[in-house]
Structures are given as structure tokens and as C-alpha cells.
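Chemist: Starting from the known structure of chain B, fit chain E onto it as the hints suggest.
If you read the protein sequences in the order shown, they are chains B and E. Its first residue numbered 133, the first sequence is counted upward by one per residue in the working numbering. Its first residue numbered -17, the second sequence is counted upward by one per residue in the working numbering.
Check before you lean on any hint, since a few could be wrong.
[What the hints assert, rightly or not] Below, a list of computed lysine to aspartate or glutamate pairs in the EDC-like style, where the Cα atoms sit at most 16 Å apart:
(1) E:Lys(-14) to E:Glu34
(2) E:Lys(-8) to E:Asp30
(3) E:Lys(-8) to B:Glu259
(4) B:Lys134 to B:Asp174
(5) B:Lys134 to B:Asp169
(6) E:Lys22 to B:Asp186
[As the list claims (entries may be wrong)] Over 12 Å on every C-beta distance to chain B, these chain E residues come out as not near it, computed from the model:
(7) Leu10
(8) Asp13
(9) Thr32
(10) Glu34
(11) Ala35
(12) Asn38
(13) Leu45
(14) Glu56
(15) Ala58
Rather than coming from a laboratory, the hints here were simulated on the basis of the structure. Keep in mind the model is a prediction, meaning the values are calculated, not measured. Backbone N, C-alpha and C define an ideal beta-carbon position, used for all residues, glycine too.
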Amino acid sequence: MKAAVLVFPGSNCDRDMAEALRAAGADVRMVWHKDADIGDVDLVAVPGGFSFGDYLRCGAIAAQSPVCAALRAHVERGGYALGVCNGFQVLTETGLLPGALMRNGGLTFVCKSTPLRVATADSAFTEGYAAGDTIALPVAHHDGNYFADADTLAMLADQDRIAFTYADNFNGSRNDIAGILSENRRVLGMMPHPERAVDAATGSTQGMALFRGLVRQLADA
Amino acid sequence: MLAKVYVTLKNGVLDPQGEAIRHALGSLGFDGVNGVRQGKVIELDLADGTTEAQINDMCERLLANTVIESYRIEIA
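For reference, chain B alone in the conformation it holds in the complex:
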């Protein structure tokens, strides 16, 4: 499985993302934001961080970069994409996922491990879990308060596109949403960091099932 990890000025989880993918067996290349060619890859990962200093809105400037035009083309071809934290914000700003991520309800930056419910196992990202599982993953964000209008929320629920929910909704997200899938289930955006939970040396390894499942599914594809 071939993966590209996008790198913007201000990305800070790009290497963690690459390491997690490599640990699961992926062949990973890093792609700079000015590069309009991401190459022939199965997965594009949009990492966490503070792209372009979060100027204007989180992810808004990154969404206009040349590499995001290539990301959009990749997704339109049916390619897979994973956006974590700032990467989720970039995916909503590009319109590849619905909704928006607003300032946390409590206004504070929250950095901790938090319990999540796996809401669906029906995706390449979540097939390594069982629906209803509770896992703990790290979160570290100021703007993770998921917002979408009532129609969009109903659509996400009806189409089983909510991937993860917060067991303890600390940021005010609508319907406790921590991560959502695209209509074709090949794009996942989530605020928690699975790539920070892949090595016992740094705590949890409960994020590893996501990367292993992804590599297994895409290797067969």
C-alpha cells in the first residue's frame, strides 16, 4: 500500500503519521504543499498541526494550496484519504467532508487522552474495531467542536457515516461527533490522533488497528 503524507508550513504530526503508516507496512512518501503532484498512491494522509498558523480559519489557507487540488482529484478518482486534527479541518475546508470545526465550547485548548466510541466498523479505517467498542486516543486541539446543520447531521446518521463519537463530549461537538466518513466511505476525518497511539513506549496502542486495517484493505484492493 502506497501512502502520501502532506506537509504544510506548521504541520507537526506529519512524521508521526508517516511512522504509524510505516509501522503498519505502508510505503510512505512526504509531499510538500507546493507540489501539485502526489504521485500514484492509494492513500493521502493530511496530518495534524497548525498549517499556516491557523490564519483566517484552521485549515482554510492549506485548503487552497496546490497539493490540495491534487488531493481533491485523488478523492474524486475514488482514492482514500485520512485527515487527523488539522487534517480534518483541511478536509472540511476543501469541502471533501461536510460541516465545520469551530472553537471548543469551553474555549480552551484540550490536550489529553479521551474515550471514544467506534460508531461503525463499516469502513477500511474502522474495520479493525467492532462497532460499539470504546477506545482511548489522544486529543490536542483548540478548534474541534464539530458543527453541521440538522439536515447534514441526519444524513450522516442515516448513511452510517459517523465513525467515532466522544464518550465524554468535552468540546461541544454536535451529536458527540469525533470523526466522519465521506459518502463512499473512503475519506475519514477525525479530531483524535490515532497516530499518537501506536507504540506502547508512548502510552496507548489503540490507534494501531486503524492503520493495520487500512493497509490490509488497501493492499488487497
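Modeler: Coordinates of chain E only, in the frame set by chain B:
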């Protein structure tokens, strides 16, 4: 020409920063502040002849996220 774009959260979208400002005004003794909505002002120094439609396009594509924000354009 100069244009100002005012971006605020849409009505119905909870504004936690506005709420924090409202509480702070209350604690300073300013009674009767029923609501606060905060946002941002973007000043654009534009070539003469830029049309309002073009500024509108700038707002739709970058300056505002219309999922959560509304905007108002003021041309000086």
C-alpha cells in the same frame, strides 16, 4: 478602492467567544448585555473597477466559511 468584509458566525450557531465576552462584561458591572456576537473585519485594498460580484466570490471561496459564517461587504 477599499472594501471591508465583516465575517460573523451565522445566527443559530453558538458563539462561545461571544458568550465569554458577554460574561466578562457582566462581571465588569455592565448590566443588560443580552448577547454578544464577535467576528472579524477584513480590509481589502483593491484595484479600481473590482466588482462587487468578484468580492462576493472572494468571500464564498475563502474569506468566509459559509457552513458556519455569514458575511457583509461594505465598499468605501
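Chemist: Take the hints in turn and mark each one as holding or not.
Modeler: A quick look at each hint next to the structure:
no.	hint	verdict
1	E:Lys(-14) to E:Glu34	holds (11 Å)
2	E:Lys(-8) to E:Asp30	violated (31 Å)
3	E:Lys(-8) to B:Glu259	violated (37 Å)
4	B:Lys134 to B:Asp174	holds (5 Å)
5	B:Lys134 to B:Asp169	holds (14 Å)
6	E:Lys22 to B:Asp186	holds (14 Å)
7	Leu10	holds (18 Å)
8	Asp13	holds (23 Å)
9	Thr32	holds (19 Å)
10	Glu34	holds (21 Å)
11	Ala35	holds (20 Å)
12	Asn38	holds (17 Å)
13	Leu45	violated (7 Å)
14	Glu56	holds (19 Å)
15	Ala58	holds (22 Å)
Checked against the numbered hints above, the structure violates hints 2, 3 and 13; every other hint is satisfied.
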